[in-house]
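Participant: Since chain R is already given, all that's left is putting chain S on it; use the hints.
Protein chains: 2
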Amino acid sequence: MASEASSPAADLKLQFAPFISALEAGFWHQLTQKKLNDYRLDESPKSIKGYYSNGDPVGLPTRLTLEYSAFDIDGPTPARCCPAFGTLYNTNTIDAFKDTDKKALLEKEAKEIWEAIQSGAAIKNPSILCRFILLTFADLKKYNFYYWFCFPALCFPEGLKLNQRPALLEQIFSAKQVTVGVYDPCTLSQHPGWPLRNLLVLLANQWGSKVDTVQILCFRDRTLQGDRSVNHSIVFQVKLPELPNSSVCPKSVGWEKNAKGAMGPRIVNLSECMDPKRLAESSVDLNLKLMKWRLVPSLDLDKVINTKCLLLGAGTLGCNVARTLMGWGVRHITFVDNAKISYSNPVRQPLYEFEDCFGGGKSKAIAAVDRLTKIFPGVNAEGYNMSIPMPGHPVNFSQATLSQAQRDVEQLEKLIAEHDVVFLLMDTRESRWLPTVLAASKQKLVVNAALGFDTFVVMRHGLKKTAISQSVPSGSAPIVPGSSLFSNIPGHKLGCYFCNDVVAPGDSTRDRTLDQQCTVSRPGLAMIAGALAVELMVSILQHSEGGYAIASSSDDRMNEPPTSLGLVPHQIRGFLSRFDNVLPASLAFDKCTACSPTVLEHYEKEGFNFLSKVFNSSHSFLEDLTGLTLLHQETQAAEVNYNLCMETKNL
Amino acid sequence: MASEASSPAADLKLQFAPFISALEAGFWHQLTQKKLNDYRLDESPKSIKGYYSNGDPVGLPTRLTLEYSAFDIDGPTPARCCPAFGTLYNTNTIDAFKDTDKKALLEKEAKEIWEAIQSGAAIKNPSILCRFILLTFADLKKYNFYYWFCFPALCFPEGLKLNQRPALLEQIFSAKQVTVGVYDPCTLSQHPGWPLRNLLVLLANQWGSKVDTVQILCFRDRTLQGDRSVNHSIVFQVKLPELPNSSVCPKSVGWEKNAKGAMGPRIVNLSECMDPKRLAESSVDLNLKLMKWRLVPSLDLDKVINTKCLLLGAGTLGCNVARTLMGWGVRHITFVDNAKISYSNPVRQPLYEFEDCFGGGKSKAIAAVDRLTKIFPGVNAEGYNMSIPMPGHPVNFSQATLSQAQRDVEQLEKLIAEHDVVFLLMDTRESRWLPTVLAASKQKLVVNAALGFDTFVVMRHGLKKTAISQSVPSGSAPIVPGSSLFSNIPGHKLGCYFCNDVVAPGDSTRDRTLDQQCTVSRPGLAMIAGALAVELMVSILQHSEGGYAIASSSDDRMNEPPTSLGLVPHQIRGFLSRFDNVLPASLAFDKCTACSPTVLEHYEKEGFNFLSKVFNSSHSFLEDLTGLTLLHQETQAAEVNYNLCMETKNL
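Sequence order for the protein chains is R and S. Counting from 1, one number per residue, gives the positions in the first sequence under UniProt numbering. Counting from 1, one number per residue, gives the positions in the second sequence under UniProt numbering.
The shape of chain R in the complex, shown without the other chains (with noise of 0.2 Å):
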C-alpha cells in the first residue's frame, strides 16, 4: 500500500495515502475495563468507532484516531473531524491472534462494502465506505497490547489512470465535467487519501457505464494561522476503469504495516505509562473476574470486595487472614493489636521482616497496615495499637487504667459497628470474650480462628436475630452445650467460641510457660486456618441468607452445596497429623457466658458498668449470673460427667 503512494514511476497512475492508526492509551484503557467488566471471554466481534480529519497541516501522516470515545458508537465526533466506523476483534489469547486469518476478515469486510456499493446504500450511507478492521490481543498482566489495523478498500484489477496530475484548487477554479467531492484527510499535494479508493469504486460500480472520466475534489478544510483554507484541497480527473464482473467482489487490501514497514502487527507496552496503582488494582480485578467468568458465573464477588473487615490480633493468624482477604480483593481491611514483632515473628507472621524487629519492634498493627499498602496501594487499611480488655484482668487499679479500659471499649464498640465481619485471631480465650459480646449485640458475623499444636478451630459465631428477643425461653433451651447431635440448626441458633464451656474466662495469661506465651504450632497451621477462615468468611457471603445460614455439616458432604462455592458450616475443626477436617454444629447454649441472653441484656442496659465488673471479678461472676454455678451444683449432684464436653474445646 504505502508503495503504491511513494513509487516515483507510477506517473499517470492514481495512488493514495493509507491511513497510520493512531490509537491512543485511552483507548486502550477503555479496551482494558470493556474486556475485564463488559467482554470478558467473549471473543465476537465488537462495533467501535473512530475519526480522522482532514485539516492537518502539511507533513502529518493521515491518521484514523481511535481513543477512550471509540466504544461509544452514538457518542459524539471531534468538531471538523469525520467518523469511521469499525469492527474490533478482541482475541482471548496471543495464539488466537495469530492464528486468526487476516485474510479472511479483510475479504467479509470488502465483501460487505462491495454489496452496499452494489445495491446502493452506501449512496445513502458513504460512511460505509470508510470502514476500518481491528484486531487486538490484550495481555492485561503485562499491559502489552498487540493490535493489527485494516482499511479494506477494493480495488481496480489496473488500478486507476489519472488524466490530469493533481492540482491545488487554489490552481484550477474551473470545473466542467462531473466532479465528485471527497471529505480527504490527506495533505500530500499529489495524492488523495485512502477514504477515496471505495467511493471510486462505488462510482465505478454505479455510475461507470455513464460516466467514463470524473474530476474528484479531495475537500481539505485547513486553519493556516487563524485563517480558514480549502485552497490546499486538490484537484484531478481519473477515467473510471470498467470493473470485471460486478457481481464479484474485487481484491481488496488494507492490513497496516507496522513500525518495521513489514506486514505485521504492532505492539504497544502501557505498563510504563499507566499509573502503576491503577495497573495494581485493574491487574487484581482481573484475576479475580476471571474466577467468575469461567467458573462461578453466579459468584458475587463485589458483596466480597465491598466486605468491611476487623481482624482482632494480627500475629500469624491474623496475618494470614489478612493475605487471603487481599487475594479475595477485600479493600478495607482493619487490625486491631497491642503487641509488638519480635524477631522469633516474622518467619511465621507474613506481614513482617527482620528489620520491623529493631528497637524493641513496630507495632503489630501499625506494621500490618505498612505492609499491605506495600503489597496493594488500592488497600483501605487501618491499624489500632491497642488493648482488649479481658474478664479476670482488673482494670480498676486506678483511675487511669479505668478510665483505659472504657476508651478501650468505646474503641472496640465504634469499630465493630463501623465493620460487616469480625475475625477473632487472638492467643488467648478470655480477649476473645468482649468482642463475641459486642458483636453478638451488633449482630455481626463472627469468624472465629484458634490454635493448637496440629489442631484448629475455624467457626462462624452464631448470628443472633435481634439481641433481646431471641431469648429462649429456659423451657425449650437446650442444656447439653457442645451438642453437634443437631442437624439442620440455623445461622440464628448456633452457638459462639464460648458455648462449649463451662467456666466462665478467666486469665489464662499467668503462668503459662514460654511454649503457652507463644503459640506452638506446626509451621503450616496457621496459613491452612487462617486461608479457611476467609474462605468460609466468602463462602457464607454468597449465601443468600448470609450468617443466618443453616450449617452445613460433614455428611452434607454428599449433598447439593448451598452455595455456588459450597459448604457454609459452623466450624472447621482440622487434624493436621491426619490431614482430616470435621465439621461439627452446635446449638448456642442458653447459660453461654458470652452470647446467652442474659449477658447480652446486662451489656446491653449497663454498658461499661458491667462489663468492668466482668473484667475485674473473677470466673464465678460470670458463672453465677449465667446460672452456670447452679448448672454445675446440679450436675455434680447428678454425676454427669463433662469431661468429654471439656476434651473437645480448646482445639
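Honestly, the hints are just simulated from the structure, not real lab data. Hints may contain errors.
[Said to hold, decoys possible] Below, computed lysine-lysine pairings styled on DSBU-like, alpha-carbon distance capped at 35 Å:
id, chain 1, residue 1, chain 2, residue 2
1, S, K362, R, K292
2, S, K292, R, K362
3, R, K362, S, K141
4, S, K308, R, K340
5, S, K13, S, K239
6, S, K142, R, K308
7, S, K142, S, K374
8, S, K239, R, K374
9, S, K257, S, K124
10, S, K277, S, K239
11, R, K98, S, K260
12, S, K111, S, K98
13, S, K34, S, K103
14, S, K124, S, K108
15, R, K340, S, K102
16, S, K303, R, K260
17, R, K102, R, K141
18, S, K292, S, K362
19, R, K34, R, K124
20, R, K442, R, K308
21, S, K141, R, K414
22, S, K308, R, K374
23, S, K161, S, K210
24, S, K257, R, K303
25, S, K340, R, K46
26, R, K362, S, K98
27, S, K308, S, K103
28, S, K257, S, K303
29, R, K13, R, K210
30, S, K34, S, K303
31, R, K308, S, K141
32, R, K161, R, K260
33, R, K303, R, K292
34, S, K108, S, K49
35, S, K374, R, K340
36, R, K308, S, K103
37, R, K141, S, K414
38, R, K362, S, K161
This structure is a prediction, so every number in the text was calculated from the model and none was measured.
Facilitator: Frame of chain R; chain S shown alone:
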C-alpha cells in the same frame, strides 16, 4: 545491707560492703543457649560459678562477676580472682519468678553454710562460705532478663563489736594475737567485704569458746602504676560474740537491692546490644524447639532444618511453600522460575510487593531470594532465573536454542543433585516432566503440588530404590492406572504425578485463555496446598524410612500414626467447597511417561540426546516409547473406559 556499710553512726560495730552483682551480656547469651539447648523447661537448680577480685582501685564497688564462663564449673578462674560458687534458679515464667519464695531460698542456702560451719567442712573448703543464689527469668521473645542476686550471710544476733577501728596494713605492721586473713574484694578503708561475714561465723562457732578477740587481715592485692602492693589491706580486731544456740542456724541476710535501692529484682534488656541476626536466629530456634520440648519430644528438628529444598516455581505455590519452610527453620532454599512479577501477583504471592512490579517486573526467582533474606537474614537462599525445557516445546530452532536447552538441563541436573527435596510448584503439567525424570533418576524425594479452582493435589512421588534395578517385570506390573484399591504401598512402589495419565505431556500453554494462563483458584487454596506440601515433607522426614515409608491412606486415620507428626500419605487431594481432604495412594505405572523404567533407562544412557527428542516431539514419541500407544490400541479394542481415570486427574 547497704545501710550497714554506710551508716556513720555505727562507730564500733563492724559493717560489711555487700557485693554488687555484675552480670555480663555474655552470661545472658550463654543462659539463652543453655535454656534453648539443655534446660528447656527444666526449672531445677543449676550450679554456676562467678568470681571476684581483690585488686580493684579505690572507688569501685565490690563486684561478683558472672560471664559466659559461669556455666563451666570446672573451668579456670581469671588470674588473681577468687571463684564463688552459686546456684541458678531459672524459672519458666515471670509469675514463677515473682512467686518464688526468696526467704526460703536464702534460708536453705544459709542452712547449708551453717551445717558446713558446724561440721567443719567449711574449714577444709572455705569456698562454701562464699556461695550465692541467682534467681532468673529469661524472656527470650523480648530478650528481657529478670534476675535477683543473693549472697547469704549468717548474722550474729547482736552484731560485731570492733575493738579497734580498721587501719591500713601499712600503719600497723606488728600483729600479736590470733590473726585471720581473708581475701577481701572490698576497697573501702573502714569496711571489709562480704566474704568475711560467714568466715567470722565459722570462727565463732569453731573457736569462739577459745578465742575472744581476733585480729582480721583483709588482704587486698592491688597493683598501682605497675607496682604490686598489699599496703591497702586493712587490719582490725573484732571481739567474737557467742552464738546463742549452736544447733540452730542463725538469721541470714543477702538479697541484693535493685537499681532503685529497694528490695526487688533487676531487669536487663539485651535486645539492643545483641547482634540482631543472632537474635533472630535464636528466636526462630526457640519457637521450633518449644514444639519438641513440650509436645513432640521425638521430633528430629535437625533433619528438617538441614534439608536442602529446591523449589521449582516461585509463584503462588512457591511463595507459600517457601514461607512454610521458613517457619520450620529450613535454612537452604533455592528457587527456579523464569517469570517476572506482574501487578496481579503480590496479593496472592506472598513474597512480592507492588514495587517489585515496576519496569516490567523483577525476576521472581531473584526477588524471592531478596524477600527471604529480608524476613530472616540467616537463610541460605539462591534464585535461578531460568526455563525448564518441556516435552512438546521444541528447542531445535537453532544451535543457540539447542545449546541453551542443554545448559538449562545441565543446570537443573546439578541443582537436583545438590538438594534433598524437590518441590514441583509450576503452573503447567508439562514443565513437571523433566524434573520428575531427573529426580526419579537421582532418587530425590519429590513433593508435588497443583491447584484447580477449589481443589488441589499435594503428593510425594514414589522414591525409586535404584533407577535400573527397580524395573518391574511386565508380568507383575499393575496395568490399571490411578488405582487406589491397593493399601500398604511402600514408598518405592508409589506413582508419580504422571502415573495416572495415559497421554504424554505436550504443549498445554498454546491457546490457553487468560484464565488458564494465570492460575484461577480460590485465593485461600494456594496457602492451604503450600502449607500441606511442606507439612507432608516434614512428616516424611520424621519417618525412619523417609520417602520409602508405606503410604498412609484415609483409612489409616483411625490407626496409630507411623510418625510422631502423624500420617505419611501418598497424596492429599483437597476439596475446598466441602472443606474435605482425601488421601488416595496409587502404584507406579509401568508405562508412565515420566518415571517408568523405560524412560529412566533412556535418560540415563542417552542423556540430553534423549531429552531433546522428547522436547522436540509430539505426544506420540513418549507414548510409543513407553508402550502407551500399544495400550491405547489394546484398550480401545477391549472397550475399556478410561474416562474415570482421566477425570480424577488434573484436579
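Participant: Indicate, hint by hint, whether the structure satisfies it.
Facilitator: Tested hints:
As the CA atoms of K362 (chain S) and K292 (chain R) are separated by approximately 29 Å, the hinted pair is consistent with the 35 Å bound. This hinted pair checks out: K292 (chain S) and K362 (chain R) have alpha carbons roughly 29 Å apart, not beyond 35 Å. Taking the CA atoms of K362 (chain R) and K141 (chain S), the gap is near 14 Å; set against the 35 Å cutoff, the hint holds. Restraint check: the Cα-Cα separation between K308 (chain S) and K340 (chain R) comes to about 32 Å, which is no more than 35 Å; the hinted pair holds.
For the suggested pair K13 (chain S) and K239 (chain S), the alpha carbons sit about 10 Å apart, so the restraint of at most 35 Å is met. Proposed proximity of K142 (chain S) and K308 (chain R) is supported: the alpha carbons are some 33 Å apart, at most 35 Å. Distance check on the hinted pair: K142 (chain S) and K374 (chain S) sit about 20 Å apart at the alpha-carbon level, within 35 Å; holds. For a cut-off of 35 Å, the pair hint linking K239 (chain S) to K374 (chain R) is broken: about 77 Å separates their Cα positions.
With a C-alpha separation of about 32 Å, the suggested pair K257 (chain S) and K124 (chain S) falls inside the 35 Å cut-off, and the hint holds. Our distance criterion of 35 Å between C-alpha atoms is broken by K277 (chain S) and K239 (chain S), whose separation comes to about 58 Å. A hinted pair counts as satisfied when its Cα atoms are at most 35 Å apart, and K98 (chain R) with K260 (chain S) does not qualify at roughly 81 Å. With a C-alpha separation of about 23 Å, the suggested pairing of K111 (chain S) with K98 (chain S) holds against the 35 Å cut-off.
Note on K34 (chain S) and K103 (chain S): the hinted pairing holds, with a Cα-Cα distance of about 27 Å set against a maximum of 35 Å. Between K124 (chain S) and K108 (chain S) the alpha-carbon distance is near 21 Å, which keeps this suggested pair within the 35 Å criterion. Using a Cα cut-off of 35 Å, the hinted pair K340 (chain R) and K102 (chain S) holds, with the two alpha carbons roughly 32 Å apart. For the suggested pair K303 (chain S) and K260 (chain R), the alpha carbons sit about 59 Å apart, so the restraint of at most 35 Å is broken.
Distance hint between K102 (chain R) and K141 (chain R) is fulfilled; the C-alpha atoms sit about 25 Å from each other, no more than 35 Å. At most 35 Å may separate the alpha-carbon atoms for a hinted pair to count; K292 (chain S) and K362 (chain S) exceed this at roughly 39 Å. Note on K34 (chain R) and K124 (chain R): the hinted pairing holds, with a Cα-Cα distance of about 32 Å set against a maximum of 35 Å. Between K442 (chain R) and K308 (chain R), the direct Cα distance comes to roughly 15 Å. Compliance with the 35 Å bound is thereby established for this hinted pair.
Proposed proximity of K141 (chain S) and K414 (chain R) is supported: the alpha carbons are some 32 Å apart, at most 35 Å. For the hint linking K308 (chain S) to K374 (chain R), the alpha-carbon distance of about 30 Å falls within 35 Å, and the restraint holds. A threshold of 35 Å between alpha carbons decides the hint, and for K161 (chain S) with K210 (chain S) the separation of about 18 Å falls inside it, so the pair holds. The suggested pairing of K257 (chain S) with K303 (chain R) is violated, with an alpha-carbon distance near 62 Å, which exceeds 35 Å.
Between K340 (chain S) and K46 (chain R) the CA atoms are separated by roughly 32 Å; this keeps the pair inside 35 Å, and the hint holds. Taking the CA atoms of K362 (chain R) and K98 (chain S), the gap is about 28 Å. The hint holds against a cut of 35 Å. Among the hinted pairs, K308 (chain S) with K103 (chain S) is inconsistent with the structure: their alpha-carbon atoms are about 53 Å apart, more than 35 Å. Distance check on the hinted pair: K257 (chain S) and K303 (chain S) sit about 47 Å apart at the alpha-carbon level, beyond 35 Å; violated.
Proposed proximity of K13 (chain R) and K210 (chain R) is supported: the alpha carbons are some 22 Å apart, at most 35 Å. Distance hint between K34 (chain S) and K303 (chain S) is fulfilled; the C-alpha atoms sit about 21 Å from each other, no more than 35 Å. Distance check on the hinted pair: K308 (chain R) and K141 (chain S) sit about 33 Å apart at the alpha-carbon level, within 35 Å; holds. At most 35 Å may separate the alpha-carbon atoms for a hinted pair to count; K161 (chain R) and K260 (chain R) meet this at roughly 30 Å.
Between K303 (chain R) and K292 (chain R), the direct Cα distance comes to roughly 13 Å. Compliance with the 35 Å bound is thereby established for this hinted pair. Restraint check: the Cα-Cα separation between K108 (chain S) and K49 (chain S) comes to about 19 Å, which is no more than 35 Å; the hinted pair holds. Of the pairs offered as hints, the one joining K374 (chain S) and K340 (chain R) holds, with about 18 Å between alpha carbons and a cut-off of 35 Å not exceeded. Restraint check for K308 (chain R) and K103 (chain S): not satisfied, since their Cα atoms lie roughly 56 Å apart, outside the 35 Å limit.
Distance hint between K141 (chain R) and K414 (chain S) is fulfilled; the C-alpha atoms sit about 32 Å from each other, no more than 35 Å. Simply put, K362 (chain R) and K161 (chain S) have alpha-carbon atoms about 58 Å apart, too far for the 35 Å limit, and the pair is violated.
Checked against the numbered hints given earlier, the structure breaks hints 8, 10, 11, 16, 18, 24, 27, 28, 36, 38 and satisfies all the rest.
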